[in-house]
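Quick note, the sequences are listed as chains A and B, same order.
Residues in the first sequence are numbered from 14 upward in steps of one, following my numbering.
Residues in the second sequence are numbered from 2 upward in steps of one, following my numbering.
Just so you know, the hints here were simulated from the structure itself, not pulled from any lab data.
Just so we're clear, the structure is a prediction, and the values are computed from it rather than from any experiment.
Just so it is clear, CB atoms sit at the ideal spot from N, CA and C, and this is done for glycine as well.
The reader is advised that the hints may include incorrect statements.
Pair ranges (Cβ atoms, derived) [what the hints assert, rightly or not]:
no. : chain 1 : residue 1 : chain 2 : residue 2 : range
1   : B       : N400      : A       : D54       : 32 to 38 Å
2   : A       : E83       : B       : D97       : 25 to 31 Å
3   : A       : Y52       : B       : K9        : 44 to 50 Å
4   : B       : N50       : A       : E79       : 43 to 49 Å
5   : B       : E51       : A       : I108      : 41 to 47 Å
6   : B       : D324      : A       : Y52       : 28 to 34 Å
7   : B       : D48       : A       : P84       : 54 to 60 Å
Restricting the straight-line Cα-Cα distance to at most 30 Å, the calculated cross-link-like pairs of lysine-lysine (DSSO-like) are [claimed, not checked]:
no. : chain 1 : residue 1 : chain 2 : residue 2
8   : A       : K41       : B       : K232
9   : A       : K57       : B       : K364
10  : A       : K57       : B       : K394
11  : B       : K93       : A       : K36
12  : A       : K20       : B       : K93
13  : A       : K41       : B       : K360
14  : B       : K394      : A       : K41
15  : A       : K20       : B       : K360
16  : B       : K108      : A       : K93
17  : A       : K28       : B       : K404
18  : A       : K96       : B       : K108
19  : A       : K57       : B       : K357
20  : B       : K364      : A       : K81
21  : A       : K81       : B       : K357
22  : A       : K36       : B       : K232
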Amino acid sequence: MKKIITKELIDSLSKLAKINLTKEQEEKYAGEFSSIIGYMDEIKTLDVENIPETARVTDEGNVLREDKIEPSFDQKQTLKNSKNTHNGYFLVPQILKED
Amino acid sequence: MLINQSIKELSLLLKKKEISSVDLIKESYSKIEKLDNKLHSFITIRDKNEALKEAEVKDKERKEDSSIIYGLPFSIKDAYCTENFRTTAGNKILDDFIPPYSAAVYKKIIDSGSILIGKNNMDAWGHGGSTENTDYHPACNPWDLERIPGGSSGGSAIAISTRMVPFSIGEDTGGSIRSPSSMCNTSGLKVTYGRVSRLGAIAYASSLDSVGPMAKSVEDLSYLLEIMAGKDSLDSTSSKTKVDRYSQFLGAPIKGKTIGLPKEFFGKGLDPQIKKVLIDATKFFEKLGAKIQEVSLPHFIYGVSIYYLIALSETSSNLGRYDSFRFGGERELFSEETKKRILLGTYALSAGYADKLYKKAQKLRTILIQEYEEALKKCDVILAPVNPSLPSKIGELINDPLKNLMEDLYTGTISLVGAPSLSVPAGFAEGLPVGMQIVGKKFGETELFQLGYLYQQETDWHKRLPPILNI
């Protein structure tokens, strides 16, 4: 079958989604994705001009509420599932380099 | 075996003090201790003494007007946050996650007095229809241990099928309540989108996720939905539509109702043995006075593509929040199936492909909704298969990615229109359970319960127990 999805494309998708893959996985996924996307290509021929998109199936419209303060989590509860905290903050990796 | 009785019967026996919640809790744990090392229906089991202590309190404080589920043991799919109790959604990223709050549905069940026994096994994040894509132990079908129990709410269906618990709470995005209900011979309801609050349900695909009850019978489901349903100010997609007293409307006659059979659902791809079970059910309803009407949903043959393009796009976005900073482990821990789903979703949403794939799928979703509404002008409900094939051997679907997707052919398409669908046991093939879906109008759960209840009054498929209980 024609490889619609190449290893290079898998590599770029994995960077976008921040998912590290091994070379073997890239190879395997390229094959599997080609067959799945190949199957889904069936929708490409369908005519959907002038059809609106559906993003939700509720009829609720805009749901508004009064902007008032409700009880919420305290700092301890908020931080308890984090593996890296410092002085009551979440600790995250440095993203800006010092020059 | 006490837990073989209906919720209504158990409640009555408890109120008459002929049995106690302590008896029920003991029975639950003894079943779990005996069977769960073979079935793997639980990821986390609650400390037995803690549950027993709670049962003692419930036995003391029970009143005449206590809720019908007061003092009953129950389990819940591990997709729901339970305050101060481990919640993994079936995956190692959340292996040590202790939620600081509870899901709305869990809170409603607990506030009604039911006693949590444990959290059920599932395909990680709901990614799968087999409960073998769990990061814990693959779950096994109690009717044949070498086969899948369906999924992703497989653990819940196993626990009900083997009477470890009288009921459980599942979650259905593209069939995750209906498929395991069918494969384990239990009853389950995928509610109308918005009928039950999704607050605290760990998201798979937000425009499709729905919270529903799973139990031994349609009657039990009707009682549970009364408790679970309703508007939640913290879930803006939950509906203000009035919640019926579903259990009060059971037993209505079927005469004059029209049942639609979509011709696209009975063609290529459907196992002939499953087709036969469905035809028999149709004849049954016809005998009781229902009219059978063929209907057509022409675009439903594209349902799997549309469903997956939307669901995977949404899951890649939802799982983007797992950065390991505030909670959870590193993204390295995503399982193979989840990595694939995130990457496929990223592809469908990425520049150059979004118009051709994601947006096109959303437009086709509109067409499906229109066709569905058109079909329901000709009939009251639609009867459909749940799965295209009998439960496969464990490992089979993992090695066949396309077959894996096709499992959702009849369920995912219905999720796209937001309609409610009831899965009820309808027969057996090769000794394995086969269910059917009764699909209705949005917020038409009452009608589905009526038909399902009537069917279960006249048939005994749902009462049959898996052979593992005789060992």
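Hint-by-hint comparison with the structure:
no.: 1; hint: N400(B) to D54(A): 32 to 38 Å; in the structure: violated, 23 Å
no.: 2; hint: E83(A) to D97(B): 25 to 31 Å; in the structure: holds, 28 Å
no.: 3; hint: Y52(A) to K9(B): 44 to 50 Å; in the structure: holds, 46 Å
no.: 4; hint: N50(B) to E79(A): 43 to 49 Å; in the structure: holds, 45 Å
no.: 5; hint: E51(B) to I108(A): 41 to 47 Å; in the structure: holds, 44 Å
no.: 6; hint: D324(B) to Y52(A): 28 to 34 Å; in the structure: holds, 32 Å
no.: 7; hint: D48(B) to P84(A): 54 to 60 Å; in the structure: violated, 29 Å
no.: 8; hint: K41(A) to K232(B); in the structure: violated, 45 Å
no.: 9; hint: K57(A) to K364(B); in the structure: holds, 12 Å
no.: 10; hint: K57(A) to K394(B); in the structure: violated, 34 Å
no.: 11; hint: K93(B) to K36(A); in the structure: holds, 23 Å
no.: 12; hint: K20(A) to K93(B); in the structure: holds, 27 Å
no.: 13; hint: K41(A) to K360(B); in the structure: holds, 27 Å
no.: 14; hint: K394(B) to K41(A); in the structure: holds, 22 Å
no.: 15; hint: K20(A) to K360(B); in the structure: holds, 25 Å
no.: 16; hint: K108(B) to K93(A); in the structure: holds, 21 Å
no.: 17; hint: K28(A) to K404(B); in the structure: holds, 28 Å
no.: 18; hint: K96(A) to K108(B); in the structure: holds, 27 Å
no.: 19; hint: K57(A) to K357(B); in the structure: holds, 7 Å
no.: 20; hint: K364(B) to K81(A); in the structure: violated, 38 Å
no.: 21; hint: K81(A) to K357(B); in the structure: violated, 42 Å
no.: 22; hint: K36(A) to K232(B); in the structure: violated, 48 Å
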